[in-house]
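Trainee: Chains A and B, in that order, give the protein sequences. Here the working numbering is used: the first residue of the first sequence is 1, the next is one more, and so on. Here the working numbering is used: the first residue of the second sequence is 1001, the next is one more, and so on.
No lab work stands behind these hints: they were computed from the structure. Any given hint could turn out to be false.
[Unchecked claim] With a straight-line cut-off of 27 Å between C-alpha atoms, the simulated DSSO-like cross-links for lysine-lysine are:
1. K1054/B - K191/A
2. K1276/B - K1038/B
3. K197/A - K1205/B
4. K1071/B - K409/A
5. K190/A - K1071/B
[Unchecked claim] Facing chain B, from chain A, some residues (calculated, C-beta under 10 Å):
6. S6
7. I7
8. G189
9. Q193
10. F196
11. A202
12. S203
13. R278
14. R355
15. E356
16. G359
17. W360
18. R383
19. G390
[Unchecked claim] Facing chain B, according to a computed beta carbon distance under 10 Å, are these residues of chain A, among others:
20. C348
21. Q350
22. K363
23. H366
24. Q382
25. P427
Beta carbons are placed, not taken as given, at the ideal position from N, Cα and C, and that holds for glycine.
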Amino acid sequence: MAVLGSINPILTAGLDGDRTWRLADYVSRGGYKSLRRIFADNLTPGDVIAEVKKSVLRGRGGAGFPTGLKWSFMPRALPGEKYLICNSDEGEPGTFKDRDLLSGNPHAVIEGMVIAAYAMGATRGYNYIHGEIWSLYERFEEALAEARAAGFVGQNILGSDFSFELFAHHGYGAYICGEETALLESIEGKKGQPRFKPPFPASFGLYGQPTTINNTETLASVPFILSMGGDAFLEAGKANNGGPKLFSVSGHVNRPGNYEVPMGTPFSTLLEMAGGVRGGRKLKAVIPGGSSAPVVPADLMMECTMDYDSIAKAGSMLGSGAVIVMDETTCMVRALERLSYFYYEESCGQCTPCREGTGWLYKIIHRIENGQGVPEDLETLQRLTGNIMGRTICALGDAASMPVQSFLKHFRDEFQYHIEHRQCLVPVDVQRAGSTFFTASA
Amino acid sequence: MPEIEIDGQLVQAPEGATIMEVAEQLGVYIPHFCYHKKLSIAANCRMCLVQVEKAAKPVPACATPATNGMKVFTHSSLAVKAQQGVMEFLLINHPLDCPICDQGGECQLQDLAVGYGAGASHYQEEKRVVFHKDAGSLISMQEMSRCIHCTRCVRFGQEIAGVMEFGMANRTMHSEIVTFLGRSVDSELSGNMIDLCPVGALTSKPFRFAARSWELSRLPSISLHDSVGANLTVQARNHRVMRVLPRENEAVNECWISDRDRFSYEGLNSPERLTKPMIRVDGQLREVEWSVALDYAAHGLRDIVARHGADEIAALAAPWSTLEEMHLLQKVVRGLGSGNVDFRPRRYDYAPSGVPAGARWLGMRIAELNELDTALVVGSFVRKDIPLFAQRLRQAAKHNGTRVTLISLGNDDPLMAMHEHVVVAPSELPAALARVVKAAALQCRVPVPAGLEAIVPDIPSEAIATSLRVRGRSMIFLGRVAVQHPHAVQIHVLAQHLSDITGANLGFFGDSGNIVGGYLSGALPSARNARTMFTDPRRAYVMLGIEPELDCHNPQLTLAALRQADLRIVLSPFISEAMREYADVLLPVAPFTETSGTFVNAEGRVQSFKGVVRPLGEARPAWKVLRVLGNLLNLDGFDQESSEEVRDAVLPPETLIDGEFASGLDNGIKLPIDPAALVSAKGVFERVADVPIYFSDPLVRRAPALQKTRDAAPPTARMSARTLAEAGLVAGAPVRLRQESIAGSGEAVLTAALDDGVPDGCVRVSAAHPATAALGDMFGTIQVEPV
Ligand SMILES: Cc1cc2nc3c(=O)[nH]c(=O)nc-3n(C[C@H](O)[C@H](O)[C@H](O)COP(=O)(O)O)c2cc1C
Ligand code: SF4
Ligand code: SF4
Ligand code: FES
């Protein structure tokens, strides 16, 4: 498994062989013990939820919502089908942690799902895996077959009267299908478009039944919460930010890749683990939580620790834990142009502010980058983001606006320079020096 | 009930209502595009954003439930700013060229842009271009750049029409409304999407660029095409009808109309309109003055009475004639001393006693269709026969869990969840119903009605009987096929037994526009009916509003009778080729838009209307023509001053229920079951005749746009693979069809087509089309041979 480094690993501990995804390997690492314990010790669903609440596990999909609280919204006693969904769509630019969890430790996800299903009374589960990396889907199917054969999934799990059917479902590469309600539509065989909330999935989810959606990493953490205890899991992180976290570090670092560190680890430590800024250059800015998170200038970032609260204080979000590092060779206009293009292309097109607004944002930034900006553009960008944020069906509208607002806030001079001088503040040769593309072809 | 405050007004909100609904009830207007009261909530346009106290962000009123204590501000600066922001986004890619847009002047976007749009656009980038599409002859998709992606059209298809004709393809700014794999958009309800589209993206192809909305008069009228009696707004300019729109009436047509109701108006301006009276002189039709034509007609009728007796006169009214017209026609005939009058040209089988217990009607109010627990529909191509009843049943099945069962002659998809769908050959239809009767009797432990001894219930009939019996409110409906069937009376008798046994009520869908009005008008035979007046040919015929060669059960029989007659008087808005051949007197009468009159719909609702334009050429309202004819014949009781006077004589206002429903409606029948009706045909091919929706009456047959739709394709001889093989045919090859009747042998050559929805041993050959008019009975034996 491609974790390049870790501090006190939990999720990725022992993942160094090449068959770690096999059931036998997982069991040898203590896998499925938590599930067995539930039935051996007669833990009630309430006990499980209490333990998860104690751990202060917060959703790893981006919003950081407390998982135990989310689970308690499920109407457990309601008769009829109830669903648990694992969100492995992982489409946020910069994020590539779930795929490594799925390829290296799929049984942790399966065990986590079975435990979660037990806690919420879910009857059926789906793991929605994005379609871009097909081998992940195939591997998960294989792992599922193993788990089924061993009695961890299916009817009367481990001889108890608890049954839970689990299936893999693959997407086809639309970012929006990672949004939980678009994901539900997609599983139902419809076009992946977010639903208006309320009603929330806990009352009206997949096929209209109560449903809970959790991120892959969130669910993979669950077995460890039960095995080490909620308190210990919390302590493995930081108050209000329980547990360890996988960070996908990308951009201008020497060793881009996934790192598992305790919540609350200083950013500087993480940067060091990733080999520091490439070429020994100066750090310029960091997007600490995936492309939707506001950008944070270097000096501010160097003071942060990697947890929800600290990053929030710096005006950004921990999000999915995708750390995009930019050095001094980066043109911030160009960087924002690329981000805006992504949201423009990935808006589902359903609601007016996002459908029209993301396109408009991109077109303006594209113009500025190409030397055709006009002075009013910055004002217009600011105004448009205000008209998009909080006015859309799903959070993609906000996700598209926050980068624009933060880039303008922290790097306004670069935009102004572009408009006035019709060229980059960062000279082109400097940009090229920092680009693998140009250095590779040179 | 939650109490909420909207713009300072306190109001009790119905449980589960949204802010939008409560505001509407309060008369507070919240701007919106995607919201429509009949469609699911999409919340995608975001135009309806309002401020709610304590909410951090503006919320969409259409999707936010009203909760107790909520304080809503629809016009606060936060709300208005949000609305203006959305409006700006809606307009950036919208072509701002309202003066050349067909929707201009009646566009929701244009209207709201006046209130919420900025004076000038800040958008300096290139606008999106969306290519036009071909959606067939009814809906124009020429201007798809105007679409604002509200998905009303998509939701209409999914939810109301039951068939998703439009979808939204692609993501982002590139989202566009497309037809399904380029298919034409012409389900029987498609035109409603033109009304739903808030902008000029989907427009009426026939109306496009013909007029501006503000140049048009708008007058109320009633549709004649089916027994719904859909309420219409007819728009005209310079005494020419330019467009027909639904007039909302929740109890009748809601806010919908069928495409037939909407686009048939084109026929009003057909070149085949008869605009001058004509009489036959020396074998040639000549245009003459009204007085000459009427004199000729009166003289001719008197002459027949004098020389051969009044019994030699017969009159047949179209069932889409007005109540007043039918009443005066029978009055003329009866005044002359004849009892040969009818208004049911497609009927074959008539109850022996002649006059029924009452007018055959729906058996309940139309709006109650949505509330039924069980509906058994016998003999109907329901979607195409009565689109809006099908629509209501579809909603009922979906939202109310109504169990809908169809016993029919083809498995045409009714586009709704079916409890059971039994498909049988025409000759098996009575037996199929009899099985349900027997199953019900056995289940209810009541004596099995005499005559059903040989009947053995099967699994579907048991299930249908159970569904009628066990739960709530049940209805048995007899559709068009059931009343046009050779054993229509026995089918009625069986349905009556089923009703008696199960407690389900009995109703008739009605096979044409003013069928209930016909019963009430008195135009029922006291001697020969619409069939026997032709099997036993008369010397003089008066035809009102009908093309007998297409509209009678057996056109061949009718034509033979007309040909041998001495006098043929035709009152018609149109002149057909056949009329040129047989008519002796042609009197141009006004279609429904050019006369006042009354239609009584299936539920007994008496709906009077006025003419919306003046009669074309020398056409005159038929009620006036008949009144003059009565006077010329020196008959009593023809001095009415207005059509209202005629109506009030037939339906005295004091007899109306709630002031709007006719009394004297009764579906009861008391006759023994005849086991002979329960024997199915053996060893012969049977004809199954539907009346295709766009061939159903003279007006719609002349509406060009409708005639270009899929449903107006020329008839073929449709058979199952098995029937084709049995007849030695291959699909696509020509086939000779022959039917015998007392009038002789009739023939047609059509193309054989494969349709496994047709029961084995049957050939589906549509009626009401010139290509099949030479054939005989709608459901008789038919011979099939390769050409
Ligand atoms: C546009 C958009 C894309 C998203 N993509 C993902 C994704 O790829 N993976 C994911 O786990 N959550 C994604 N989310 C968040 C999910 O909607 C949801 O909040 C999350 O799966 C809940 O899991 P958690 O509580 O375990 O974090 C996305 C949200 C939005 C608005
Ligand atoms: S915000 Fe964007 S992605 Fe989300 S529903 Fe609206 S259009 Fe679709
Ligand atoms: S075509 Fe009209 S009704 Fe359909 S989505 Fe576009 S604007 Fe709405
Ligand atoms: S009317 Fe409410 S969002 Fe469109």
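Trainee: Report the numbers of all earlier hints that the structure fails to satisfy, in ascending order.
Mentor: Hints 1, 2, 3, 4, 5, 6, 7, 8, 11, 12, 13, 24, 25 are the ones this structure does not satisfy, whereas the remaining hints hold.
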